[in-house]
Amino acid sequence: MAWTDTKLGLLWRLEMRHLLRDRRALVAAFLVPVLALPVVLWTARILESAGREQVSEEALRINFDGAAALWVEQELLLELAAATTVSDPWRAVEVEDPFLALAQGEVDLVVQGRWLGDPPSAPGSPSMDASSGPEGASLQLFFRADQGRSNRALDILGEQLSEARNAVRHGLLQQAGFDLEIDQVMALSENDLASGGQVAGAQLGRWLTLAILLFVVLGGSVVAGDTLAGERERGTLETLLTSAVDRRQVVLAKLLAILSFGVLVAGVQLLNLFVQLTWVMDEPPSYFAVELTWGRLLLLAVLFLPLLATAAGALLWISGRSQSYREFHFYLLPLAALVLLPTTAAALPGASLERGWSLLPIANLSLAIRAVLSGHFASSSLLVAWLVTAAVAAWVVSAAMADVMSESRLAGAERRRDEVLLQPFERHVGIWFAGFWSFIFLALVHVPLLSGFIPQLLLNLVLVCLGGSWLLIKLYGLQPRRTFALRQPPGVLWPLVLVGAPALAILNGAIYQWTARLFPVSRRALESVGLGFDTDRFSSLEILALVAVLPAICEELAFRGVLLSGLRRRMPEPQLCLVVGAVFAIFHFDLARGLPTLILGAILAWLTLRSGSIYPAMLWHGLNNALVLWSGRHVSSTLHPVVYGAAALALIWVLNRLRHQPRTLRGASN
Amino acid sequence: MAWGGAMTENVERMQQSRSEPTEVDPSVKPMPIIVAELRRAFNDPSRGRIWAVDGIDFECRFGEIFGLLGANGAGKTTTLRMLSTVLRPTGGRILVLGRELRKHPLAVRQNMGFYSATTALYPRLSVRETLEFFARINGYRRDRVGRRLAYLIERFGLQDYADARIEALSTGMKQKVSLARTLAHDPPILIFDEPTVGLDVLAAQDLLEVVEELRADGKTILYSTHIMSEAERICDRIAILHRGRILACDALAGLREQSGKHYLEDIFLHFVRHGDRDRAAAER
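Protein sequence lines, in the order shown, are assigned to chains A and B. Read left to right, the first sequence gives residues 1 to 670 (our numbering). Read left to right, the second sequence gives residues 1 to 284 (our numbering).
Please note: incorrect hints may appear among the correct ones.
[Stated by the list, open to error] Calculated lysine to aspartate or glutamate pairs in the EDC-like style (CA-CA distance at most 20 Å, straight line):
no.	chain 1	residue 1	chain 2	residue 2
1	B	Lys174	A	Glu233
2	A	Lys7	B	Asp143
3	B	Lys29	B	Asp217
4	A	Lys7	B	Asp54
5	A	Lys7	B	Glu209
6	B	Lys261	B	Glu232
7	B	Lys261	B	Asp250
8	B	Lys174	B	Glu209
9	B	Lys174	B	Asp163
10	B	Lys174	B	Asp143
11	A	Lys7	B	Glu129
12	A	Lys7	A	Asp246
13	B	Lys103	B	Glu37
14	B	Lys103	A	Glu407
15	B	Lys103	A	Asp246
[Said to hold, decoys possible] Residues of chain B clear of chain A, computed beta-carbon distances all greater than 10 Å:
no.	residue
16	Pro30
17	Ile94
18	Arg124
19	Glu129
20	Phe133
21	Ala150
22	Asp160
23	Leu202
[Unchecked claim] Covered stretches of chain A, as calculated for chain B (at least 3 residues, CB under 8 Å):
no.	region
24	66-76
25	97-111
26	192-199
Just so you know, the hints here were simulated from the structure itself, not pulled from any lab data. Glycine residues also receive a C-beta, built at the ideal position from the N, C-alpha and C atoms.
In isolation and in its complexed conformation, chain A is listed as follows (with noise of 0.2 Å):
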């Protein structure tokens, strides 16, 4: 019996029919990934070519201003050009005033120059006396840094300028009794023993996996959000899992299905760069010119193959999680940012697989193809960079499918939030959240005894923080045991917040390096993140209270507590621990530790979902504050990629550790 006649067979045949009639499916995966790289190939080509063009045929226009400007045109810069027989790729305009034509676009280059001495007696014999030849002028360009041809204009001058230099200098030096020719002193080559092929393949490594990754969750999202979230709301679940058929295939033919568009999306997009390279293109743009061969090419998709199954994992389990296309959207921007933020790597300077990079999934894989491409790797670093990510991506599927199979997930067996009547309390406590964060950015603009650290601390977490909870307490009549989960949790969860901690504090600590990348903050700040203030007024016991356990007790019992409790009955798990992760970083007015707060707020909400108490939220947000506060002092900003390694597996454990937990304070529909 052929597969596609086994029942298996015959779903996976029913997914990819139903999918490659989608419109929307067929552009994403099969239309946008063909069209996308010749699009690229033969823009970066055009764009090329017609750069030479006009470099050649409109040659670039600088005025010279000044009398030694005038001078050193006519003397220097003119003959040096007869003699070295380049064409002349510019040509001196005359303008009324310079600066104006500068920035009108009419002159790319204005040279500005002055005597400081006497003008050279005559033209082409240079005095001895530095300041009544040529050697005595002072020269200025000024350029527009945000015009192409206004760069292109200073470099070419600047080369023409230094060249002129040196043979004036020559010539003092000649006139001074050194009888030496320019080439004999220092004589200085350069020679790249690197091909054009494997520089092109370096600078297209760093962006190819991003690239081809994102092609691949965007056209995976529609055939993702189409196979469970769509089913469901279509009503074809039902359907199906009434038929005689095992869930686990029913699951497994739609992970099968998603993976299919991946290969599809990203065997296109290599197989699309080998033929534009190989064949269609005679002359490839400079950036795209790599080395391909068969080889490499498969070898490259052998790369791809990890990457590919942890995004269709990832993407199959927000599918199974969401209950309509909305939600899954909900979930797919999140999911795209962590699958898809580690192949930036490959863009870091310094980064390499040598060096410790290949414990880090994803990340490594993504240096491997950039090493791949450039021709410069070892076997041994790319085997173990793949089994590294091909073992995350078996955790994320095998991990996807279970929670997908199960009865609550796959036939929605629990009630719906729509049945759920929400008390006046469930209503408003987003608005007064917002009313909060508003009162908060207020006082910082508007009151300048704010600007200091404890002024702040106390406008936070006392007035705010503990404040705002104890006024929702009394206004809505709640409980404050149970508002702010005051119980006594598992035991077992201590050692899972003692090594959950230190391994987020981490990884959170890598993760600011890069958002700050993204959203520059100044050395001094990078430096002192965690201090945020001057530590010298207090003692060390005073900035632990200050730092760890204030802001451990007081926003928990607002974020973990109040938010928490108010928002649990409105939506699903996954979602509830993002929004309250979001608000947690809003709250902290910070853009590049956005990122790390969500994700520290998101994984506290978890804990406390999943432990039914505050208690150890509170402590792992103490330990994460002082580890931070700590690390700021003593540890240097970046460690080695086998402590991230380390790390990651830490939590990857721990959060596993916390799924398996039953849940105690129960979201809407779970």
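Please build the complex by placing chain B on the supplied structure of chain A, with the hints as guidance.
What follows is chain B alone, placed relative to chain A:
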């Protein structure tokens, strides 16, 4: 037992041997469906643990239409979803054609066709592709699928639409395809969960006629509804389900006799009010 009707020999035997795996005597032709002490709880965030189905017993006999009659939220759909193995029971047992449902879910589904307002069709498949897929996925022999499809397409008058996509069909045609899909693998047992919800009078009439024809073909049908006239018209026996419990189960004549009322609506109200009163008294 929640209702006073006679429990069949099979059910009694099954309940007596609850601690052991049930094996029905092979010499006795097994009953199509036997449900005993079936329970299902849900966790509700605001109300805690709720028993949607709270210990119900009933049986479906060969060639009959057995009706589950109840208001919205009575537990009809939960019961039928457990019978179709979409939901796992919290307690109790279900036997389908003598087989324990928990142990043989695939075999049970292979002998069952499930139709409800929520079982939709794949919009981008054609009618023929839909029927072929569901016949084959439910284990219908490949070499016989062609003949089965031809029969179903003719029976439901789908000749002109056989290669049209489902998304291009009218609501009435979709309903016919959905019925054909339920019968694609020719199952001996059919479950209809509120099948006329959302249909106009004519479409509902057509569907009821099809259900009656299927009974004439010898199918065993479990039919849930909250519409009294439907149950009165087509059901051979009716179980009145309220708040997860069966309050009465008998043929219409028997229910009339037990309640002293003539119309099914009055009978239904009689049992529901008595049931509520008894429950309140028990809770006190």
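Q. Are Lys261(B) and Glu232(B) close enough, with their CA atoms no more than 20 Å apart?
A. 13 Å, holds
(Q) Verify this label for me: Ala150(B) is non-interface relative to chain A, using a Cβ-Cβ cutoff of 10 Å. (A) Holds, since 20 Å exceeds 10 Å.
Q) Should the label of Asp160(B) as a non-interface residue stand, given a Cβ cut-off of 10 Å to chain A? A) 21 Å, holds
(Q) Quick check: do three or more residues in the region 66-76 of chain A have a beta carbon closer than 8 Å to a beta carbon of chain B? (A) Violated, because only 0 residues of the region 66-76 of chain A bring their Cβ atoms closer than 8 Å to Cβ atoms of chain B.
Q.
Check whether the Cα positions of Lys174(B) and Asp163(B) lie no farther apart than 20 Å.
A. 13 Å, holds
**Q.** Pairwise hint evaluation, Glu209(B) against Lys7(A), where the allowed Cα distance is 20 Å at most
**A.** Judged against 20 Å, a Cα distance of about 33 Å means the pair is violated.
**Q.** Least C-beta distance from Arg124(B) to chain A larger than 10 Å
**A.** Given that some Cβ of chain A is not farther than 10 Å from that of Arg124(B), nearest at about 4 Å, it is violated.
Q) Is it true that the CA of Lys7(A) sits at most 20 Å from the CA of Asp54(B)? A) The hint is violated at about 35 Å.
**Q.** Holds or violated: Lys7(A) to Asp143(B), with C-alpha atoms at most 20 Å apart
**A.** 16 Å, holds
(Q) Please check whether the region 192-199 of chain A has three or more residues whose CB lies within less than 8 Å of a CB on chain B. (A) violated (count 0)
(Q) Against the 20 Å threshold, does the CA-CA distance of Lys103(B) and Asp246(A) hold or violate the hint? (A) Holds - the C-alpha atoms of Asp246(A) and Lys103(B) are around 13 Å apart, at most 20 Å.
Q.
What's the verdict on Lys174(B) and Glu209(B), does the C-alpha distance respect the 20 Å limit or exceed it?
A. 17 Å, holds
Comparing the model with each numbered hint stated earlier shows that hints 4, 5, 10, 18, 19, 20, 24, 25 and 26 do not hold.
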